[in-house]
Amino acid sequence: MPPAVPWSASAVEARAVASLLPYAGNARTHSPEQVAQIAASILEFGFVAPVLVDERGEIIAGHGRLLAAQSLGLATVPTIVRAGLSDAQKAAYRLADNRIALNAGWDEALLAAEVAKLQEMGGIDLALTGFDGTEIERLLAGLDAVATDPGNGAVASPAVASGAEPAPGNQPNADGAEPAEDPADAEPDPPRQAVTRPGDLWRLGEHRLLCGDSTDAASVARVMGTDRAALLFTSPPYGNQRAYTTGGVSDWDALMQGVLQHLPAALRSDGQVLVNLGLIHRDGEWQPYWQGWLDWMRGQGWRRFGLYAWDQGPGLPGDWNGRLAPAFELVFHFNREARQPNKIVPCKWAGTPNKGSGLRAADGEVKAYTHIG
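For the sequence shown, the positions run 3 to 375 when my numbering is used.
Source of the hints: derived by calculation from the structure; they are not laboratory data.
Ideal placement from N, C-alpha and C gives every residue a C-beta, glycine not left out.
Be aware that a few hints might be false.
Unchecked claim - 16 Å max Cα-Cα, derived EDC-like pairs, lysine to aspartate or glutamate:
hint, residue 1, residue 2
1, 119, 139
2, 92, 60
3, 92, 57
Unchecked claim - What follows is a list of derived Cβ distance ranges for each label pair:
hint, residue 1, residue 2, range
4, 104, 268, 30 to 38 Å
5, 230, 100, 23 to 31 Å
6, 48, 18, 46 to 54 Å
7, 35, 259, 19 to 27 Å
8, 103, 268, 45 to 53 Å
Required output: the full structure, derived from the provided sequences and hints.
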């Protein structure tokens, strides 16, 4: 006869997030990236694993889920109360709940096949599995290697099948001229099957890139997690001159204020805001349509930190009613906190005079401070 297993857990009940007590001795750590993964899972699949608590509401299992719920702004979470455990049992279970799962392994072939099947089905962000982009790429590459191995009965790529030599890269010309373009800089051929799908979240070093809709709050929450942005660089419509399918921008100031009023919630306190705008002409003269918006930004506490000219080449005659074609656009730079007067990136040309007063040297050539060298 199998042993009797006690069941002392209650039914699932919703509890206020603020009422739950994290265990002070919790040894399991949760990085912002992992919390973002849990939050994304909750958004996609729902809160399928309730937080396990004791009679006092202290968490036994589910600290990461609580952090994810807080990052999503949830007021309540589903919980299960496990009553009757001693302090020693609760402490041991906290460790076992995290450690035992780590003792399992993977059947790499079946794992790769499942990832490929998910990719084939579409509609699911592969990052929701918890595997990062590098791991997924490795698994899919392993399947590709098997599929293209002639020894497995598959057809090799045309270049391999024909015995053609690979295209030379970065080889010097016969006359000793500059070498050809480095293949690493060339645009790669698209894969036979696209890897990225809407909803895919890619990790690029310390950065995250989501294939999704930036107007969707849930998508933004997935890619940002609990972080806030350090930089906003935007190029909104210029004034009211563009006819969009929505009927055009009838009130430019209302558009800008309606969007940029959310900056404090989206940016860090030391965040930088750069807005690219171009000239528009009406009634035979250019219009400073941005003036009211600039005053509004100052009223919101944003400093007019910098104003830059985006060099777009020489102004040439064209169909501009006698004017030269615009040779620049403006970039307005705002922030709220003082900045250190240091260069943003290392530059070997720092401090080198370019014999000119701007980006162009006296002979008209764009040189040092644009990092050309």
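Outcome of the hint check:
A distance of roughly 14 Å separates the Cα atoms of residue 119 and residue 139; the hinted pair therefore holds under the 16 Å criterion. Taking the CA atoms of residue 92 and residue 60, the gap is near 10 Å; set against the 16 Å cutoff, the hint holds. Under the criterion of a C-alpha separation no larger than 16 Å, the hint pairing residue 92 with residue 57 is consistent with the structure, at around 12 Å. For residue 104 and residue 268, the hinted distance range of 30 to 38 Å is satisfied, since their beta carbons lie about 36 Å from each other.
In this structure, residue 230 and residue 100 meet the distance hint of 23 to 31 Å, their C-beta atoms being roughly 29 Å apart. For residue 48 and residue 18, the Cβ-Cβ distance of about 19 Å falls outside the hinted range of 46 to 54 Å, so the restraint is violated. The hinted range of 19 to 27 Å is not satisfied by residue 35 and residue 259, whose Cβ atoms lie roughly 34 Å apart. Checking the proposed 45 to 53 Å range against residue 103 and residue 268 shows it is violated: the Cβ atoms sit about 35 Å from each other.
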